[in-house]
Structures are given as structure tokens and as C-alpha cells.
Amino acid sequence: MPTPKTDVLQGTLDLLILKTLEKAPMHGYGIASHIQRISEELLRVEEGSLYPALHRIEQTGWIRAEWKLSENGRQAKFYHLTRTGLKQLQAEEERWQKLTRGVSKILRFA
Amino acid sequence: MSWIKRLASSLRTRKLEDDLEKEIAFHLDMRTREATAAGAPPEEVRRQVLHRFGSLTRTKEACRDQSTFAWVAALGQDLRYAARNLHKNPGFTAAAVACMALGIGANAAIFSFVNAFLFQPLPPGVVMVGRASGPVSYPELQDWQRLNRVFDHVFAYTPGERFTIGRGVESEHALGETVTAAYFQALGVVPATGRLLAPGDESRPLAVIGYQFWRSHFSADPAIAGKTIWINREPFTVAGVAPRSFHGMLAPWSTDVWVTPYLHRDALADRRMGWLMPAARLAGGVTARQAAAAMNSLDAELARQHPDPQAQRRDPLTVERRGGLSGSPVWSVFNLMAVLLMTVAGIIFLIACANVAGLLMARALARRREILIRLSLGAGRGRLIRQLLTEGWLLGLLGAAAGTLLAFSAGDALAGLMPQSITGGFRFEHAIDAHVLAFTLALSLFSALLSGLLPALRASDQDLASAGRAQTAAGVRTPRLRQFLMAAQVAASVLVLSTAGLFVRSFQKAQQTDLGFDAAHLLTVNVDLRELKYPPARAAGFYQRLRSRIEEMPGVASASLADVLPFGNTRVVRIPAGGGVAGNIAAATVDRHYFRAMGIPLLRGREPLPGEPNVVIVNDAFARRFWPGQDPIGKSIRLESGQPLQQVVGLTPTGKYWSLDEPPRPFIYQISGQLAEPFLCLVVRTQTPGSLAPRVRQEIQQLNPDLPSVSVQTAQERLRAWLEPQRAGAVLLSILGLSALGLAVTGLYALLAQLVTQRAPEIAVRVTLGASRASVAGLLLRQSAILILVGTAAGIAASAAVARLLASLTGNVGPLDRITLIGVVALLAAVGAAATIVPTWRALRIDPASVLRTE
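Residue numbers (my numbering), protein chains in the order written: chain A, 1149 to 1258; chain B, 10 to 864.
What the hints contain is simulated information worked out from the structure, not anything from laboratory work.
Backbone N, C-alpha and C fix where the C-beta goes; we use that ideal spot for every residue, glycine too.
Subject to a maximum C-alpha distance of 20 Å in a straight line, what follows is the list of computed PhoX-like cross-link-like pairs (lysine-lysine):
{"#": "1", "chain 1": "B", "residue 1": "K69", "chain 2": "B", "residue 2": "K24"}
{"#": "2", "chain 1": "A", "residue 1": "K1246", "chain 2": "A", "residue 2": "K1167"}
{"#": "3", "chain 1": "B", "residue 1": "K24", "chain 2": "A", "residue 2": "K1216"}
{"#": "4", "chain 1": "A", "residue 1": "K1216", "chain 2": "B", "residue 2": "K31"}
{"#": "5", "chain 1": "A", "residue 1": "K1235", "chain 2": "A", "residue 2": "K1167"}
{"#": "6", "chain 1": "A", "residue 1": "K1171", "chain 2": "A", "residue 2": "K1235"}
Under 10 Å between C-beta atoms, here's a sample of chain A residues computed to sit facing chain B:
{"#": "7", "residue": "E1194"}
{"#": "8", "residue": "A1201"}
{"#": "9", "residue": "H1203"}
{"#": "10", "residue": "A1213"}
{"#": "11", "residue": "Q1223"}
Label-pair ranges, simulated between beta-carbon atoms:
{"#": "12", "chain 1": "B", "residue 1": "L458", "chain 2": "A", "residue 2": "E1188", "range": "51 to 57 Å"}
{"#": "13", "chain 1": "A", "residue 1": "F1257", "chain 2": "B", "residue 2": "V81", "range": "47 to 53 Å"}
{"#": "14", "chain 1": "B", "residue 1": "R376", "chain 2": "A", "residue 2": "A1239", "range": "47 to 53 Å"}
For reference, chain B alone in the conformation it holds in the complex (with noise of 0.2 Å):
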């Protein structure tokens, strides 16, 4: 191929330019030889020959650039040339290469999350089926598998299930899903040992094991294949394990274990309940688009076979290549944070390039005398400012390298940060892969862009003769651009800090919140009866039995049994019109001792008497509500129609139910002696939560060893759980902010005290002329001065824009929060003086007649 040929011809430069040296000289001889042979003088003929031929260099140079692959060799010259200058300057190159690593290895090491979320690698040709309603049943995936001509494979899974593994107190939770045979298959995962699901297997008790969890809790035993494990307190043989780069359909969260539908055997026969997620492989040459349009054909005759009793219309299918979990509210919130979390890192990144573009303007400054005989020499602009972006290029491929690193460690530590509410407490996946790298290989290059450039543009403009003649004015021309950057950066850096600032503050304001109960002293205790199917009478006496057994215990000063629990599940009543307002109104069911135990304190009235049937206790929202204006204790009302009327015989304060950024809530608490529902809350009133919570948990299982795990918490790690979304914001914010303030120092130090040092010469002068030191330092420090003050201007104005966005989308965010505006102004005040006055200093110090001589 002939373009090989010609790239190869371009590598061997040393042979090329020889070439071309000898064909001009050939000229230049035949030239001299015409001149000559005409009669002219030697020196004339010498003179007449390259005036005649003009430039030799340009047509040199014009020559070099015909080669198509010119740039390749030009490449590799302009980055050996770039290495040898960094090389040779290595303060300038580490910092330099500092910022850049900071700016990119902050964006890899976000990018790194966002990209688990967006980028979930689905193996090509699978697609989610879905409508909008939700999932659908076990017949309806039965019916597709059967009858549709589009698809390979018809599967399905559930979108995330909490297992319980083991029987009794070695039990443990763990992430599952309930997939149908042809998962695997369909998504072309081969078993790491034993194997994974065949047509047939549905109706069989099996199991299929996740790569890590295999490593954790079975040891990486290679003969798990046939043994027998507990899934939710039934046998199930595990046929396989899954291999390690298989992590199921929630990703970025690991699926522990997968099993066979046989686990929901009671709904299997049930067309009208929908459970199962599906999803396909597309047949060869099928689309997404024509796939949609058969599954809906297919969709109406089904319905028209097995109609709805209760004629609902039924959502249109669709067929969409998209992740397993962009249909869930998590998916939401994530994306939130996620622009929040990008736009930010993006700042960092914008600040870092300004440093990197302050620094190469300085050092443009410093080689001026280079660039200018290279001018001089010949050298195209073009070429030159080539040679400057690749300088900048390497500086940024040298600072993704480095921030890859620095993502890479960090990775983990931000992963620590995920809240557990999200996460709730699973595996998640996210690692340094090809797309993070080729995203931090497309900010170097735009990194070079964005700081290279501008420096590159202006080096390489110069008039050579006026530069020529006046090489002290070097450096003088307005250094607006610098200027500006530095405002620019100022502003990001108010921007970012006052950002960080909204989220720690509406974190410190969510943990002052006053709850309306005495979160310090309580341990709380999530009794699950579910799994031993016990009668209601039997489930009672249980409880009653467990909540003495603990009030009777050293260091307990009560214990009450609750259906709900603040900032756990949530149930509501209906309230209906008959006495006036109606609503849904959020309630718990509780014993009489339940306000003791909480710390709930009565505004009025009584705490229910022991047996006292058909009392309730509301809080002041919903005394507001019903009986504006007038006493609620003795007031009667019906919750839930055809139910008896029930007495109000005490008053709370109205506290925080459901979250913690809720407005005022009304709730009713209603009293029951007899509480039976198979899940239920135990809340302990002691001085030493922490420390009791072992003996809680042996106390329990001492009491019926069968029971699934429970799970004891005091109230305070419940809360924490709660906070950890606003906590890991604040924490990674305050982290980025933090970042973005020191770049943006450091940046700033370095560009105010260049500029003061260009202008030592002036400094002597005024010195000279009889100018008090007090008052230059006054005019650099005025200058430094307004600088700061714009940047900061500007970077206000865009925070309170932001702080607006950010009420409107997420509502739990306060104003600006003027402590941290004051604080970040005044140490970028500080450093702005410090960066004018030591320099100034300097210069004063030094004797101007020195320094006017050196010019």
C-alpha cells in the first residue's frame, strides 16, 4: 500500500533531508555556474544566486510539509523536543504537572462512579422489555418466550431482592435476584465453576452464586457445585458459580446470589401480578425499533386471549437498550448528584488549565528570546505554535497519567462515602476501565487546548523587528489575559467553596433538627416474624413475652413495641370526611408505653391507661389540622370508614416522622396491648444504648433461637444511615472545594507575584524618581486588590445562582451561607497580599541602580 510506503518514507527523516539539501545545492551550484558563465564578479554571483532563489529555510520548510504524513515525523520531533524543555525545567514541570493531575484525577476519579452508573456494559443485542406500569407476571414472560419471532432469548429478572442466607443466628443478608432459566445464557456468562441455569430448571430449588460471594462465605470451595445452601429458610442446591467479571443486571451493584423462580413458586401461576423485569436478545437483523413493534402486536393479542377482569388499558411495550436500573428512583437521585458532582469537577479542571495556561505564559515570557530566533530562522507560526501545544500536550498526558493514579487510590475512598441508604449496604462495582482512561485521555487533550493556546498564540506573535530593536520592553505589553485569568479563577474558586459550604450547612442544620423524641438514649430492634408464619394470637404472646423479657433487664428503663418507627417504614390512615376534614394521614400503631420509651413528651393530656380500647394520641399538626383553634384532648374521631370511634387522650409536640427536611406532618399514634403484625419495632429506653445492644441481640435469640437475624441499632446509627446521603454530598463537596481552593492559591500566588516581578525594572524607576516605597507597594497592592475583588464579585453572583438552582431541584438546601463566603474571601484576600507584598518587597530591597542595569 502506498501510504505505508509514504509513512515510512516520513520516518526516515535523516535520509530525506539529506536529499533535499543535495537538490538545492544542485540548484544553487547550476545557478552559480549560469551567473558565472554570464561574466559576473564571484561576490556578485554569490549574492545574485540567493536573491534570486529567496528564503532557503521557508522553501526548506514548505518542502518538508508536502509529505503527507509530515505531521507524524514533525510528532515525534515536537515531542522529543517538548520532553528535552520540561526535562530541563523540573520546578515548572512538577507544578505544572500538579495541577493538571489534580484537575484530571479529580474528574477520573468522579467520572469513575458516573460511568458504573451510565455505561453498565450490557453485552450488545440485549435489551430491557418494558411497561411504563411496571413489571410484568410470570405467564405474560411464559407467553413471549413462546410466541414472539424477534428475540433469541426472553428473560427476566427481579430487580433486587434481600435474601437471607443460612438458617438461624448464623444468618446474613444478601443481595439477590430471582432470574428465569435463560439469564445467563442470554447474557453470555460462562460459570466460573459447576454451571449456571438450562431450560427445565425453573421449577427446580437452584442456585447460582456470585463470584465474591462464593470467595467470602464459601472459601472459594471448588466442589460448592450440589451442595445444599438456605435461602430464605429453604434448601437450595447451588448448581454454579458466576465468574468474577459478572456482577447481574443491577449493576454498578454485585448480585450475591441469583436463584431459580421455584423461590416465588405461589405467584408462578398468577397472570395479573407483575414481578418480573424482562429483558431480550435481539434475533440476528432484528431492531430495537421492529422488535417494539411485534412485541406490541404480540401484546394485544395476549390481551385479547386473556382478558382483564378489571378492562384496564395496559401500557405500550417498549424495547430499549438501556441499563437494568434507570427505571428506579435511585437512578434520580444519583443523576443529581452526578451533574452536581461532574459540573464541579469540571470547575477543578477549568481552574487547573487556567494555572497551567498562567504558567506557560510565564515561561513564554522567559523564551521569548528562543521563539524569536526561531522566528527569525525561519520557522512557520504554524509550526511554532504546534510545537507549543504538543509542549502543553505532554504536560497533560503527564498530569492524566498522574491523576489516573491518584483516581485509582482514591476510588476506594469515595466508594466508603457512597451512602448506605443508597447502596443499602451491597457491594459496588466501579473501577479504572477503558472508558474512564479514554476520558482522561480526552481532557489531556483538551487540557492542552484550553492552557496551551492562548500562551502558544501570543509567544508566537511577535514583530520581529520591533522586538529586534527593543528586547527590554520584553514583557510589558498589558497583561490583560493574565489578568483575566486570574479574576476567572477566583471566582470558580468562590463558586466551588460556597457550593461546598450550602451542602456542609444543610448537613449541620439536618443533625441539629429537633426530632420530637430523645434520639440519645434509645435502641431500637427490628423483630422479623415473617419467615416463622405464626399465627396472630401466637405472634402476640411472643411479643409480649420478648418486651418484658428486655424491660426486665439491668440498665433498661423501658421497652415499647411499635408497628412503625421515625425514618424507618411508613403507613398512613384514612381518615374519612365525617367529622369534617378528611385526609391520609401518617400513623403508628403502638403500645402505652411507647411514649415513655421514646422520650416523647405530652403537651397535654395522659398517657393510655393499661387495656384502655379505642384511645389515640396526636401531635400538634393534627390538632392544628382537624381542630383549629380549640382543646383536641376528649375529641373523637373514625379512622378508616366503618371503624369505632376513636378518643384523643393526649397531645405531642409535632416531630420529624418521615424524614428530616419534612414540613410540620400531623400524625396519630394509635394504642394497641395486642400487637401481632409479623414485623415489628422494639424500642429500648437506656443510658448505654451502644453497650446494650449485644446483650439485646443475645437476649432475643436466647428467646427463640430460630429466628432470622435481627437487627439492633441505636437510634443514632438509624439517623446516621439516614444523614449518610447529605454526609457523603457535604464530605465530597467540602473534598472538591477544598481542591479547587488550593489550585486556585496556589494559581494565584504564582500569577500576582510574576506579575510584580516583571515589574521590578518600572519599580526601580519609581523608586528612583523619588517615589516612597510605601506608596509603590500601595499601587501593587491596590491593583492586586480590585483583581480579587472582581473575581470575587463574580464568583458571588454565580454561587447565589447555583445555591437557587440547587433550592429549586433538591429543596433541602439553604441560602448562602455567609460564614463560608466571608472565610473563603478573606483567605484569598490573604493570599492575594501575601502574593503582592513579597515580591514587592523583594523588589524594593533590591538597589534600583542594579537593576536598571541589567536592562
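Chain A on its own, in the form it takes in the complex (with noise of 0.2 Å):
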């Protein structure tokens, strides 16, 4: 199995995905492509590490995942936000704000 190319930093991915499902409940290929797309192509999220992401995420119940029909007209897994999860969303985006002004700062002044 090649090695992902642009592996997102651990514990990033949950945030990206958490943060995606934010607007609306989606299914993985969704959550994949929507990434994907609003990174500019600059963020690829391996379907080796997302589905296992969201099953990880799902059991801790951040998430919660509903069988629904797709705008294809398939049955998809869909998952959305629960309110815990919700309120990690927010914890995260503080840390990730704090940590990357941080990294930045660092790196201007270096």
C-alpha cells in the first residue's frame, strides 16, 4: 500500500471532519471530496484513514450516523454532529487557532 501523500497531522483529520459535517449531515465520500474541494486540492484525506476516523469518532459519540437516501437516490451512511460533538468542534478550533498563531509567530520571527 503506497504511503499517503499529504497525511493530514494526527488529530487533525477529526477536526477537519467534525468541522465539515458542521453545515450538514454527509456521507464519507462527501466528507472526502468536501475537503478535498475547499482545500484547493491542497488537503487529501486517504479513505484508508477517514472511514476508520469515523467509526473511532462515531464511538466516541461526536458523531452519530443514519442510513438516507443520497442525492443519487442511493442509501448512504450519513453522519451528523451530536451536540458533544459540537462543543469538541469548538474546543478544537480554539487549539488549532492558538496552535498554528503560535507555530506562525515562530516562524516569522525565526
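Each chain sits in its own coordinate frame; assemble them with the hints.
What follows is the structure in C-alpha cells.
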């Protein structure tokens, strides 16, 4: 199996998934394409990481899954954010902002 | 609760699988549309989509593993798979389970006894209150009961008394405890029938009967409460019967009868006489440490109120949670034995695990292809190891179940081996209880790790690419691990067997010890007049009549009276420093017939004359100590200051007096024609001690029907009781040693045979290339021989160390026994040779071409 090209930073994938689901429920394929499109192809989520991550987050209770009809009329597993998931997203976002601010300050200074 | 939901969901495996399948299928479908829309040709689309996704199986596995309770589902799956696998290989399963059953069974059996001692089920909150210097007096105990503020109940018991139950000819001995009124209540015991003791009962003649004793001696009489039984020749009223599960504070020995302190009413007022073992139930919220502090300040206060006339310092009080027997000397003997036996059983367990490990490795080779396929299909290595371990654990569980059954059926046989001199002839309670079951369960888990982990790591560690290319190279990887296992097994069985040999030899040596008297033609009788309370003159007359009545019986050569017999009671006299050497010397008072009756030869001098006063006979060790290099005959010596001088008239060889393994002990016989102690021994010399015993008993009972039951034993029986701890040790260790040998031999055979079989292709090549059959056989034999030699050498080194350790601990275990060692090594060598020759011969008989073709 080839190694992922831009392996998203550990823990960041969760943030991306939660953020993507903030707007509307979505299935796995939709999440992957959304991240890729919005990041203008800068980030690419590997299926080998995406699905285990979705299942793991589902176990923590931040997201919940439901079978619904997709846009092309097929049954798809849609994930949506729960209330604890929303809280988690806010915390994660804040943490990420702090981290990037800190890192960029150092980069600018050095 | 959400985790319950999750647990439930992980059990619904089928639905989850379907969902996962559908979810991924949807994803692939969307990708396909995307690629098709981009205008790629159909076959290229499929390739692109699958390539982009990566390994489907791996992703699915990863998703499954995310479930918190994935392991539950996985365990169920593994167990089912393992069961199927074991079922398909009945031969392998039977062999492995038999090994584990023996390994775990031996441990469970020994542990069920250790458990009986170690984990005496004192009810929660019950603590032993003790002083290092020993038991406490009744007034002291009453003060504690009245004044303490840390205990709900304070009670006491006596550490095992021998009661005479019944009267005269019908009387019997039973194990008893004298207990205070709060005893049963504090221990939370409810009666099987009648009532137990209540406050105010202590001054009344009341008894409580043990459940088993009630069944065996009173036919479980439901109306027993209120009836009268005789205890030590006094009438006691039965209050009730203890429940079946209650055995008293002397566990693992089972108490037959409990009596109130009324039995010892003469001692109740004496503050200086300690005879009670105190215990208590802690009040709510009080810890043992707090209780100890409170009791010690109470004790100091009591010491001020009742000053000790001898002004001795008092040991501090301790408050501990532990068993009722932990203070007794039996405890240390048993501890040593328990450690030794558990160690040996542990070694057997290790051998069994090594055997199963060998079997599993052999099977892993056979299953190589299966494991390869599973690995290349994307099974994770961790998952595979878990599955192989589950298989090992299932084997361990089956073995533990079989082993527990084995231990259960062996338990009573083992109890029969328990030395009578330790158990005192009283019942010993042991059982397969929750502790033993937990122990075997732990062993089964442990066995899975020990025997399964290495083979599992080995089996799953395969380079897919190289394995796929070179199927024929299967198993040619150096079987070093298995060779190590083999050598270790040989070493362990040499160790266990030579240790067993040590005990067998020391037992034989003890049996052949020169005792200094003729034990083969002797009958000994203990006569106990204590309960009759005869004045000395009457006692002396009774003994004289008894002796002459017995001596006149047909078949009796002579009879004699003595206050102390070899291997019975002991007595010392303090010889004052008047004439040179002083010291405490072992002694006995005997009548003048003693030497002829016992068959003790006189080296010099003569037997005492009738009525001759102040004469003694000494042994050789005594003469050497007091008059080295001189003739002792005619010398005088004073025994105890203030006593008249005694003249030595005879000299005997040095025999054994207190124990079989004692060093030469100086011994002095005082001669008396007027023995009147309330407890005496009668020795009877006869050609037929066994058949004479009942007639002697009859004769004594005719002489005085009021005597409590007299014990008539041949000297051989008396000695046998003495040899019993050694005999029990020797028998137990031999059984364990033979189990170890059996295990090691089968394991050795299996492993060696399998190693040779694996090399069949190599043998074929060698023969094809012109090697002679003899040289090939020699090559293989040499390899087996090296393994056995290495193992034996390690085993002998370890046993030498163990022998030294045992010799320093017990003192009566000799050095390593050459005959045992040679026997063990010869047997192992023979097995090794057979295990090599048979498969080699088979391999050599097959046409080399056909072997090479199958590759």
C-alpha cells in the first residue's frame, strides 16, 4: 500500500471531519470530496484513514450515523454532529487557532 | 447507559458487517461515477478507483477495530475458530490437554492443601489478639471484655485439646476446644440444631458438638440437645450442634467438641496462668492498628492494677488478621513442605507448558500455509497472534477443567498421605473452593501465555514475499527454540526426580537407622491414670500388678515399666557441676527389667539387682562426655543437686532416643522399683507383637475397667508414625517426580521425532548423494545426545544447589543420590535414542526419490 502523500496531521483529521459536518450531515465520500475541494486540492484524505476515523469518532459520541437516500437516490450512511460533537469542535478549533498562531509567530521571528 | 448499547451493538456483528460493506461500496460507486464523468475508459476506471482506495480488507479491519468492544466480538470469533480447529485435530488436542491437565492438576491438588492452611476463612472483622509470650489468663480476658472500647466481642479458645469422650472401655479421643461464651456469636455461627453458647454459660457444664462428630458418633440424633455426654470423665450437657461448614478455630483441622471454660474451673481465678488464645471482632470503623494501640494502653493500665509479683516485663499486644494456627510449630514445618511442593509442582507446570509449546510450534509449521494465506489476505499480525493465543488459552482451560477433576479425585488420596504425627489423627479439611478454582483459572491463562506466545510470534512473523517464493523451505529455519525447550525439559525433570530421590533415600536411611533397641519384637502400652487420681502408693501397686499380670501371659518373654520411651515423651535431668561436667541430660526412669524387655544390650557391667537403691545405667555417649577414656562402671554421679549420689552399674551402646536423625545423645537410665507417675509406659517383649496386642488390651481392661482407653501399639507402629512426615514427603515427591518424568519423556519423544521427520528431505538428499545410512543415523543421534547431555548437566547442577539448600533447611536430607541420577539420565538417554532412531529409520526406509518428488 502506497504511503499517503499529504498525511493530515494526527488529530487534525478529526477536526476537519467535525468542521465539515457542522453545516450539514454528509456521507464518507462527501466528506472526503468536501475537504479536497474546499482546501483547493491541498489536502487529500485517504480512505484508509477516513473510514476508521469516522468509526472511531462515532464511538466517542461526537457524531452519529443514519442511513438516508443520497443525492443520486442510493442508500448512504450519513454522519451528523451531536451536541457534544459541536462542543468538541469548538474546543478543537480554538486549540488549532492557538497552535497555528503560535507556530506562525515562531516562523516569522526565526 | 451508552456503553451497554455499544456492547450490544458489537455483538450484532452481522448487521455491522453489512453496514460497513454497504458504506464502502457506496464510496467506490461514487468514485467510479466521478472517474467515468472525467472520461476515463471503463477498465482504467476500476483500476484507478481501487488503487486510490488502497487495501479494502485493511481498511475494513481498521474500521472494525474502532469499536470499543470489538474484542468481545473478536474473542467470540476466535474461540469459535479455535474450538473448530481443536476439534479437527483430536490427536493434538488430546495430547496437549493431557499435558496441561497433569501440569495444572498437580498444582491444583497441592494448592488445595496449601489453601486450607493459608486462607483460613476467618469472618470479616475477626482478629487475633495476642502476646508473643503466649496465651492469656481467664481474669485478663474478662478484663478485656469489660473494659475495651474497640471490639464488639472478645472471645477465646484453647489451641487444640484432646478430650476423652465417654466412659471406660467405650471412651474415645476427640479434638476439642475450650471456648468462651462469645465465641460462636463473634464468628457468626448459627446452630445446625439446638443452640450454641450464650453469655452466662461459661460456668455451666455445656458442650457444642461438631457436625461430622454428631453424624459419626450420635447418628445425627435430632434430639441431641439437652442430652448428657461425658467429657474427661465429667458429665456435660449438649447445648447444640455446630453447622456443617464450621470447623472451629483450628482449621484446617476439624474440631469435634467445644466446651465451656467450666472444664478448667480450677484455673479460672488464676491471673498468672495463661491458657487461652484471645480473638475478637472489631467494632465498626475501628482498624486493627487502632485496636492494637487501645489494647496496649488498656494492658498497661491493667498491669498497674495487678502488679506482677515477679515484675516481669510484658510483651506488647498485637492485633492481627491471620489464621488461628499461625503461631504453632506445625505451621513452620508445613510452610517448608508447602514451599517445596509448590516449587516442584511449579516446575511440572513449566514442563507441561514447554510440552504444549512444542506441540503448538509443530502445528504452526503444519499450519504455515493457512497462516500465510490469512496474512496475505490482510489479517493484522496482532489479530493473528491473538487468535493463536486464544487457541492456547482454550487448551489451557480444557486442561484446567481436566486438572481440577484430577485434583478433586486425588485430594482424598493426598489427605491420606498427610502425616498422622502432624494431623494428630484428626480430620483435615481441604476442598476445591473458589480460591483453588481462581488459582487454576489463573494457571490456564498463564499457560496460554507461556506455551502460546512464542509459537504465535514465530508463526505470524513471516516474510510474505520470500515465503511465497520458497514453499519448500518451510521449517528449515533453525529450530533452536525447540532445542532449548527440550534441554530445559530434560533439566527440569532431572531436578525434580533427583530431589524426589533425595527424600526417598533419606526415608530409607531413616528406616535403617540403628535404634539401639530391638523394635521388631516389642509391644508398647501407654497407661494413663491421671483421670483416676490415684494416690502414689495405690498407683505403684497398680503398676506392679499390671506388670506381673502381663508378664505371666503366654507368649510374653518379659515386661517392664518406664516413664519415658524412645520417640515418646522426653525428660531431662540437670546434672550439677559437682564432679566436673554439668549439663542437661536426657533421662528415663525404668525398672530393672527394662533392658531385657527392650532388647538393649549391656556393653559392660550388669543389670540392676532387685531392690538395689541409687544405681543408674548410662549410654556410651554419656560415658564419653563425663569420663572420657575411663571405665564408667563404679563411678558415682549426682543427678539434681541435693539428691543422693548414684552409682553407675552398666553401660549400653548409644541408640536413638528423641528422633531418628539426632546426633549421639548422652542418656541416663535411673532405676526404680516403685514407679508411681500417673502416666507410665509398659513395654512387652514377645515374638508376636501384632497378635498379642488385643489380648494385652483385654487383660488391662479386666484389671481395671475404669481405665480410659489404653493405647496398645507395636514399637514398629510407633516408629511408623515418626517416619510419616518423611514417608509422606517421599511419596508425594515421587509421585510428582514421576509425573514430571512422564511429561518430559513424552515431550522429548514428540519434539525429537518431529525434528527428525522435518529433516526427511535433507536425509533423502544426503542418502542420494551417497551418505551411508549409518553415518546419517549417527549424525542425528549425535544431535539428540548433545541436547540431552546439555539438559542433564544443567539439571544436575541445579539439583546439587537444591540439595545443599535443603540440607541447610532440614538437616536430614543427604547429598545428591548417584543411583537416582544415573537412573534418570539413563532413562532420558534411552528415550532420546528411541525418539531419534525410530523416525530416522522410517525416513531412511523411504525411497529418497519419492521424498524429493513430494517437495
